[in-house]
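Which chain is which? The protein sequence lines are Y and R, in order. If you read the first sequence in this note's numbering, its first letter stands for residue 3, the second for the next number, and so on. If you read the second sequence in this note's numbering, its first letter stands for residue 3, the second for the next number, and so on.
Honestly, the hints are just simulated from the structure, not real lab data. Some hints could be false.
When chains are identical, the list treats them as one kind, so a pair holds in a single copy or across two.
Straight-line Cα separation of at most 27 Å, DSS-like style, residue types lysine-lysine; simulated pairs [said to hold, decoys possible]:
(1) LYS268 <-> LYS223
(2) LYS268 <-> LYS244
(3) LYS317 <-> LYS239
(4) LYS223 <-> LYS330
(5) LYS307 <-> LYS318
(6) LYS330 <-> LYS307
(7) LYS330 <-> LYS239
(8) LYS21 <-> LYS307
There are 2 protein chains.
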Amino acid sequence: MKTKKVTFADIAAYTHFSKTTISRYFNDPDSLTLENQQKIADALVALDYKENKVGRILASGRTEFVGVIIPNLYMHYYSEMLNQILATYETYGYKFLVFAGNENPGAERRYLEELMAYNIEGLIVLSPTISSQELAGYNIPVVGIEREDQYICSVNTDNYLGGVQAASLLKKSRCDILLHINADLPDLVPASGRIRGFVDICRENSLAYELILTDLGNTFKDNCERISAILDQLEQKYPHQKKGIFMPNDTHANILLNLLFRRFGKLPETYRIVGFDNSPISEEAVIPFSTIGQQIPVIAGEAMKLLSSLMEERKKRRPVPLKEPVHKVITPILIRRDTTD
Amino acid sequence: MKTKKVTFADIAAYTHFSKTTISRYFNDPDSLTLENQQKIADALVALDYKENKVGRILASGRTEFVGVIIPNLYMHYYSEMLNQILATYETYGYKFLVFAGNENPGAERRYLEELMAYNIEGLIVLSPTISSQELAGYNIPVVGIEREDQYICSVNTDNYLGGVQAASLLKKSRCDILLHINADLPDLVPASGRIRGFVDICRENSLAYELILTDLGNTFKDNCERISAILDQLEQKYPHQKKGIFMPNDTHANILLNLLFRRFGKLPETYRIVGFDNSPISEEAVIPFSTIGQQIPVIAGEAMKLLSSLMEERKKRRPVPLKEPVHKVITPILIRRDTTD
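Assemble the whole structure, with the sequences as input and the hints as a guide.
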């Protein structure tokens, strides 16, 4: 049995305020004295008032919705980032409408259109599918994470420093040849900084190095086949040299490590491995492996902090738009475990 | 620059229908002839009408929101289930408000209250924190997955059959002693069926077996320490016997497998392992391991199908409430890989 809904008229009658005053309590509480706010708050408890947020949304435009577009949940990095983004609910109270794009720009666009129809207040985008220019055109606050971000605000790891850290660690492990496997990333993608940082350290120190820039595929099966083929090449090309391999992420570093364990029953002396991300798999692997840690909780927190400030600005009577997108850069942390010296 | 919003009045003027007819097009289209529906649809394109869903929601109560409460994204099973639930967007069009409870009943209740204030249409709950009785009290369609489900609809794996399959596979692998490690689950938790299925097969076939029912903790570190301690015990108690171990899930099976590889450089002849779930880690492990596959895409699909039918029923003029909660059971699939004979 449903009890009758308590209306603004009921609250007005109970408190002897006007309905306009009650409405102001919900939509602009600071315009009332603290004493009157308290009287109305007490009345809500006495009347067992259940807030109808949909009604408030229509009145105030504050949906408290944030859209999150991730590429997939297969990559451990995305799964952990989503985890940390969801955890910001406790701090900011925003509710997340989550979508996994799976490289389908059509579906992603359709979903974005839907989100807009729901008056979401902001957007966090990890998916690289839709250009920052197009995203900026939606005309709501957007924060990108580790994707092309020319026209939108973003929070990224200092990828260049990450590349520097990885090469330096492999140098310290006295590898004979340093290798970096990655996709052939365009300069606009933040992660391409890893390649530049890696190369700069190798050149500065006159270290032998090779870049293997190739598409490793998007499924586990593809990843395995292609990394296995690369391993065969390396065994042929550098049979007795100590190979220091900087992998593009922990998911792929884990695959390489497993392939080596299957062949040798251990990590042979001729291999050293560094991953990237510090996602859970780097600890949960057959042996915990060294990695360049992205501070995922910090990145998620900073992204929400930035987005939240942009969303708050929007709600002011005279919002001041940003002149330039803000790009925050978070320092990566070198994590030495059992796959480097 | 924003263009002026197209209103129902504009559409009415353009089509020469009344505003009431336009409203019916949006909220009860079947009450119009197909011809008239087409005329209005054409007008929307001609006028470049942008739907304001928030307005529609208020009119129709159809928010198209579904709340999803997962316990965490650390367990690979939950991460993959969420992935598959999100993927149903393409089929049903529901948008998902996602929350990770992390065993904080207070935060979970607060979030549920918020979801209710947003008029969500239904709820999928994987988190075990809040009792099905309490969930049923929210008086909206709820589907549980692999959690206590006395008072709510649910979709679960046939856990008993899973236990039967695991014990049978270890029997076929001619293990000397069969072991099942699990939490001491109450009978109301669906997963407890695995224990019963395992024990029944051992008894029927007079196989030596042991149940190790203990809390393995909720963090990776706890899991590792406790599984490592169990491994020490097993080495002492059954040093030369062939031990067939049925682990409670793939995350924990992976930890056991890694501990064995670290000690022996391979899976020794004295160990056989079966996991549960067929989550991605079972393939991505140091060697792919045998597991009882939960058909995660099927479960996610059936859960949304069931929830969708409940939500549709609600929208009828005279909804017929369910007499009893519906419990769908999905058959698990035995997946033989490299850790059993």
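Evaluation of the provided hints:
1. For the identical chains of this complex, LYS268 and LYS223 are neighbours both inside a copy (22 Å) and across copies (22 Å), given an alpha-carbon limit of 27 Å.
2. Taking identical chains as interchangeable, the C-alpha atoms of LYS268 and LYS244 lie at most 27 Å apart whether they share a chain (15 Å) or sit on different chains (23 Å).
3. Taking the shortest alpha-carbon separations for LYS317 and LYS239, neither the intra-copy value of 61 Å nor the inter-copy value of 67 Å comes in at or below 27 Å.
4. Proximity of LYS223 to LYS330 under the C-alpha cut-off of 27 Å is found in neither arrangement, the shortest distances being 35 Å within a copy and 32 Å between copies.
5. For the identical chains of this complex, LYS307 and LYS318 are intra-copy neighbours only, at 17 Å inside a copy versus 43 Å across copies, given an alpha-carbon limit of 27 Å.
6. Proximity of LYS330 to LYS307 under the C-alpha cut-off of 27 Å is restricted to the intra-copy arrangement: shortest distance 11 Å within a copy versus 42 Å between copies.
7. Taking CA atoms no more than 27 Å apart as the test, LYS330 paired with LYS239 passes in neither setting, with 41 Å inside one copy and 56 Å between copies.
8. Taking CA atoms no more than 27 Å apart as the test, LYS21 paired with LYS307 passes in neither setting, with 35 Å inside one copy and 43 Å between copies.
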